[in-house]
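Let the hints inform the model, and build the full structure from the sequences given.
Take a look at the letters that make up each chain.
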Amino acid sequence: MTNPWTDIKNTDLVIVMGGNAAEAHPCGFKWVTEAKAHRGAKLIVVDPRFTRTASVADYYAPIRPGSDIVFLMAAINWMIQNDKVQWEYVRNYTNAALIVKDEFGWQDGLFSGYDPEKRDYDKSSWDYVIGDDGFAAIDMTLENPRCVWNLLKDHVSRYTPELVEQVCGTPKDRFLKIVQMIGECSATDKAMTSMYALGWTQHSKGAQNIRGMAMLQLILGNIGVRGGGMNALRGHSNIQGLTDIGLMSNLIPGYLNIPTEKEADWTTYMSSRQFKPLRPGQTSYWQNYPKFMVSFMKSMWGSAATAENDWAYDWLPKLDVPAYDVLRMFELMNAGQITNYFCQGFNPILAFPNRGKVTAALSKLKLLVTMDPLETETAHFWENHGEYNDVDTASIQTEVIELPTTSFAEDDGSLVNSGRWLQWHWAAGTPPGQAQRDTWIMAQIFQRVRKLYQDEGGVLPEPILNLTWDYADPLDPTAEELAKEMNGRALADVYDLTDKTKLVAAQGKQLANFGQYRDDGSTMGGCWIFAGCWTEDGNIMARRDNSDPDDTGTYLNWSFSWPMNRRILYNRASADLEGKAWDPARKLIEWNGEKWEGYDVPDISPTAKPGDVGPFIMNQEGMSRLFTRGLMRDGPFPTHMEPFESPIPNVFNEKMVGNPVARVFVSDAEQFGTSDEFPFVATSYRLTEHFHYWTKHNRINAALQPEFFVEISPELAAEKGIAKGGTVRVWSKRGSITAKALVSRRLRPLQCGDKLVHVIGIPLHWGFMGAARKGFGPNSLTPFVGDANIETPEYKAFLVNIEPATTEAVS
Amino acid sequence: MMARRIYSQSGDHIETTAPVTVSRYRGFTRANHWVTAASLIVLLLSGMALFHPSLYFLTALFGGGQVTRWLHPFVGILLFLSFLILFLQLWRLNLPRPEDATWVSHIGDVVRGEEEKLPELGKYNAGQKFIFWGMSALIVVLIGSGVMIWEQYFPQLVSIPVRRVAVLVHSLAAVAIILIFILHVYAAIWTRGTLRAMTRGTVTGGWAWRHHRKWLRELAGREKRDPAE
Amino acid sequence: MTTDPNVDSPRTAVSNPPIQPMKANLGAGDVMRASAMPDLAPPERELTPVAKLIDVSKCIGCKACQSACAEWNDTVPEIEHNVGMYENPHDLTPDMFTLMRFTEYDNPDTGEFEWLIRKDGCMHCADPGCLKACPAPGAIVQYTNGIVDFIHDNCIGCGYCVTGCPFNIPRVSKADHKSYKCTLCSDRVAVGQGPACAKACPTQAIVFGTKEDMLTHAEARVEDLKSRGYDNAGIYDPEGVGGTHVFYVLHHADKPALYSNLPEAPRISPVVEGWKGATKTVGLAAIGLAAVGSILHGLLGRANQVSAAEEHEAEELVERSERDA
Amino acid sequence: MNIDLSRRGFMKLAGAGVAATSLGAMGFGEAEAAEAAHVRAFKLASTTEVRNTCTYCSVACGILIYSKGDVAAGEKAEIVHIEGDADHPTNRGTLCPKGAALKDTVHAQTRLTEPRIRRPGADRFESISWDEALDKIARALKDDRDTNMILQNDAGVTVNRWTTTGFLAASATTNETAWLTYKTVRAMGIVGFDNQARV
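Chains as they are written, first to last, in the UniProt record's numbering: chain A, 1 to 811; chain B, 1 to 229; chain C, 1 to 325; chain D, 1 to 199.
Source of the hints: derived by calculation from the structure; they are not laboratory data. Hints are supplied without guarantee of correctness; some may be wrong.
Said to hold, decoys possible - Straight-line distance between alpha carbons at most 30 Å, and here's what the computed BS3-like set of lysine-lysine pairs gives:
1. K262(A) with K276(A)
2. K720(A) with K755(A)
3. K136(D) with K364(A)
4. K76(D) with K174(C)
5. K509(A) with K484(A)
6. K153(A) with K172(A)
7. K23(C) with K68(D)
8. K484(A) with K43(D)
9. K23(C) with K724(A)
10. K276(A) with K595(A)
11. K177(A) with K226(C)
12. K42(A) with K255(C)
13. K509(A) with K595(A)
14. K774(A) with K755(A)
15. K136(D) with K451(A)
16. K255(C) with K84(A)
Unchecked claim - Derived DEER-like restraints, expressed as beta-carbon distance ranges:
17. D189(A) with P108(C): 35 to 41 Å
18. Q109(D) with N557(A): 37 to 43 Å
19. P18(C) with D551(A): 27 to 33 Å
20. E35(D) with L475(A): 33 to 39 Å
The C-beta atom is built at its ideal place from N, Cα and C for all residues, glycine as well.
The following block contains the structure:
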């Protein structure tokens, strides 16, 4: 989230699209009801189902799963056509005025440079015209036909209300009512907030869905302001933290990258990370990349990482593919190429698509290790549970070790919420039986491996033997020690970069913020963006001062928010070119003549003069990007792409299936179904009574929503002769499930052109372990394909068929 | 001449001649009657306890409110069955006859005890018949409404509005049956020589002559016609 | 953190629960009415009436109230089946004192589809039908702050409260044969905490405070709803039962029945009134009179006795019939 | 008037019948004293209060955990109740249906209490000691790493990549756990590394 949960109370209009906040994040949604009650804010919900969020909405519109880009581009088109644009913001704070290469273009649903063989684009044409001065060419009048604004205008011109009705199945009048409501927020004294979640990410073009709304928000001038923003509600309690710390195939903490094979050495790796400003005088903060990278390497290998050995660059793995993401790993596993696999608090056979494939893959492992407080389906994947897990136990040769871990209530530490707050918590209970903290387990495993290398030697022992492990008890590091390590520490006296005599951090002291990070090896820090969370002042994450001057909702003294305790990202953009708040009633930070000050920590150098330095300091342009250059694999603008399994062909190019650059493994391509065999669109989602596959272990939540069901419209029920509460069979090309039928008018058949599209809702909370009745999850049916940029599986739009079940499901 | 009984039933007979005693109820019938009577009293006490706060203390007789709550309906079933058997034995002679009308019209003489002004009667007079039919009807009403409000076993049997009517009907019927019960007991006591009919099973000839002369005549008549009996 | 009602919805949880032992501020001395105890001593003091407001228009049907209720009251609702609806458990039970009820409604006036969700549970009537119907002294009490509570030590499980309740709330346990319903968390209120459901409610659709404050807040909510086109928005605080200490804000106050058959004009059924009123007194009087009457008649009146002459007549009759033989 | 025997007999009987009503009328009912009205004892009295964060979604509601016993003081602590933290800016004491029932997850019947192993082909788990389990894991890691570590690619570039062992990290663990996990996994060269953020 760009803004904290508590800021939502400052909004005038909430649009929930690609999410279901009331249901999945009820306590955060409280701030929507506060905004409604005390600001007279309105709530719009656009969703295939009339959700619990819709039940308290001012206006609702249905949409066909997987057609969001059409809706969003049409909204942008309407804003442009009806002059609902925050012009000063667009001209100065976005790259609208920058000139794009003549070679860039779009036709038949594809951008310039597409190679069907590689299923990839040559992105060289997707860039600015760079002038002789080395800066991007610009036309502040926005008259140049090749400026981003005019290209965007042309790009979205195809997306009309009629096209929305035809592709999304959203009635034209409903679409128009919604864009009118949105349009009002282009005024400087009105703000709209976007709340979205997996309803947008779990598509083969998920990232583009989100870009679509981000662009709309920029055009309305709603990024960086109170009550505005792009708010990804996020899932697990620390999903933000694990992303920040980069527990992903290709990441290094703080959004740095694991090198690829092409980056054979440190110099090459750094050469592509100079991040030279593309406009004069811009910050381009990523120029500090080396400081963060070197400090990370020092936190890993300490004194063994030196300038001479390029900070032990060789010890970092180099990728031959963009990432060994879970889909790729299970593809390899299924091909028998994986030996050992660890699931730390993860339940793949319910979480990953095409459960049949996942189970087959796990069966080919030599060793599976699970670490969890609860009995997971994955740990029991080899156990036969009748129709709910029909496996041949004896033939499964995988050895499974199930390790009992503590729960949240039994350990100390911090979690990062979706508003980027790092909040510390304390253990309250004694762990049951022999359960142990994950930190203890990881330390035990590592120390034992290290001992083996010490005693026996082996392949490449150095990174293991030299890993920094200076904890009081090497077999049980404390949360405090680890938090301090992430914050960063001075390894030598650190002096001010401009005033070399000024000591900023003495050797051995905790660093106050990432401004004190150095690239000369004098500092170490595991996760630069967390710098400031545990300083010489102590544990900043444990702060509990809930005072909030003037009720802005920033709560600066409550815990710690990365980066730099900043609560609203891009908050510089909440003020105009003179540094005055666009909306005085919603002042956040302002320029007082010498520096920026206000209710939040400025997201810009405190002394950076307004007008000189753009608000989007992480970008080389100093501006936000309506046109993303080559940064996304599937286009610099979002363009409509159907899901891989779609009831109707792509209106721009009927030969185009799904996302043209999404990675598809051969075996999976054969498992895509077509609408003649599978006429109905299915979408998966959470219910408010449950959290993923955990609360089915809890007797109370199990009682509140006891048994697996699917939701269908009365029309479909009638067509198929399905009775309310009856049992149905739902199947796709990849699997079949049985469920109770919940027939509800909250699902409407959608008229898409001449095709009537029925949507089937499939919640995801049931399995074969725990207190609730045994059931299935949507992943038994979903396709094994992910987003073209980040490989998030397509759970939200796929094809199935349905019929009344002949035999009642036993449960 | 026929041997058909009109005013008496098999088992009724002259037991001794000097002095004359007449067998009115055989042992089984008497036992049956007292079981019914006992359960009616238990029901009366437990029912009253739950009927009026000032009588709640009666639950102490049964070991508290919870016991009273579950005991009452079971005894109710016992009463129902026991009375059913009694009913099968007595219903025929309780059918109304012409002389009953005359009897009712002379109710004043009844209360004054001037029976010489009354017609001769069979085994039962109109008053007794009223008690018999009244009890029968009310017991049916009580068992019916009782089951409808039997929370422990039939909470869902009827809708709550019906249940409300049932509980009202049950209490009204209960009041009625208690009044009849009092009348029954009192009449039995006021009319001397009656109690022994349900204790020893016999009444004196005089009692029979005074209150149920047709019944006595029939029995006397039967003595000579078929001594075999 | 602000607590300004203009910036903020009323806060049920203004402070966290105490953990030091403290005396309950709600006890026998605060009882204003008790079942089957007509001659109850008057309360020692008058507490400020409290109320729980349920703003149906803010409710997202998340069931946090059900969850918090079960946790606080240590009940374990049964894990049932899905029968094609969102209500789970399917009805109030002795282990589930409150329940979200869901209604799908096509609004004929606006043409919009609405999903009406109502939290069902004890309304804590000012004139409680359960208390009136209950035959067990002190099994149901009403405190001066308006809370109607069941004292289970006195409950006999007869189910009369079920018959008496105009809202069909109490449920008698098959396990211990005692009747259960929402206590308005009397144990929490007694130490200055709001009910568990109100504290948990994510959108503060459920708020708890003095009845006066809650009414003021409710009126403001009604205004907001009217401004959003709900012309018939209003407060549901039924007069028929003397008002309630759990009351609703409804978008369609003119049609309460839309919300899973919320009674239009609830009141204690005349049948129950008749039963617990006239019948009780008149019936008892009649019985008393009959009994006493018969005694007096027995004492003063002349018994109906058989004369020696009649015995003689009988003997003659018998002899005669034998002679004839 | 003369009261004969039978009349006295009558009175005995009648007495019983009347007793009930008259006694009641005399207010004997009150003799049956009811249990005095009382509210349930406040169950958080004398518990230890600990501040924590809800483990479910990333709204990260503040919660209060009440236990008998105090872990901070090194005592054995049994969690008896969990509810929202009224001081928390985001949730202000409120909790969703999951958060409100957190205690039941902590005490779930399916909580794991000992390390277990399922041997190849076996149809059940069997107990195993921590030491044995951890040694087995360490050995399996080393053997696979030594066999399958890719030191260089075909072009002779040093890649030091280990692709045959994978690790899924948990998005509900703390940052501190995540960091220790990161160090361990990366130091060994594992690239098959992911967490729930992917799905």
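Here's how the hints hold up against the structure:
1. K262(A) with K276(A): 21 Å, holds
2. K720(A) with K755(A): 18 Å, holds
3. K136(D) with K364(A): Judged against 30 Å, a Cα distance of about 19 Å means the pair holds.
4. K76(D) with K174(C): Between K76(D) and K174(C) the Cα gap is close to 37 Å, so the pair fails against 30 Å, i.e. violated.
5. K509(A) with K484(A): Judged against 30 Å, a Cα distance of about 10 Å means the pair holds.
6. K153(A) with K172(A): Holds, at about 21 Å.
7. K23(C) with K68(D): Since the Cα atoms of K23(C) and K68(D) sit roughly 20 Å apart, the hinted pair holds (cutoff 30 Å).
8. K484(A) with K43(D): 38 Å, violated
9. K23(C) with K724(A): Violated, because 51 Å separates the two Cα atoms, which is more than 30 Å.
10. K276(A) with K595(A): Since the Cα atoms of K276(A) and K595(A) sit roughly 25 Å apart, the hinted pair holds (cutoff 30 Å).
11. K177(A) with K226(C): 20 Å, holds
12. K42(A) with K255(C): 25 Å, holds
13. K509(A) with K595(A): Measuring from Cα to Cα gives roughly 28 Å; hence the hint holds.
14. K774(A) with K755(A): This hinted pair is violated, its Cα atoms lying about 36 Å apart.
15. K136(D) with K451(A): Distance of about 13 Å is within 30 Å: holds.
16. K255(C) with K84(A): Roughly 40 Å between the alpha carbons, so the hint for K255(C) and K84(A) is violated.
17. D189(A) with P108(C): 35 to 41 Å: 37 Å, holds
18. Q109(D) with N557(A): 37 to 43 Å: 42 Å, holds
19. P18(C) with D551(A): 27 to 33 Å: 28 Å, holds
20. E35(D) with L475(A): 33 to 39 Å: For L475(A) against E35(D), whose Cβ atoms are near 57 Å apart, the range 33 to 39 Å is violated.
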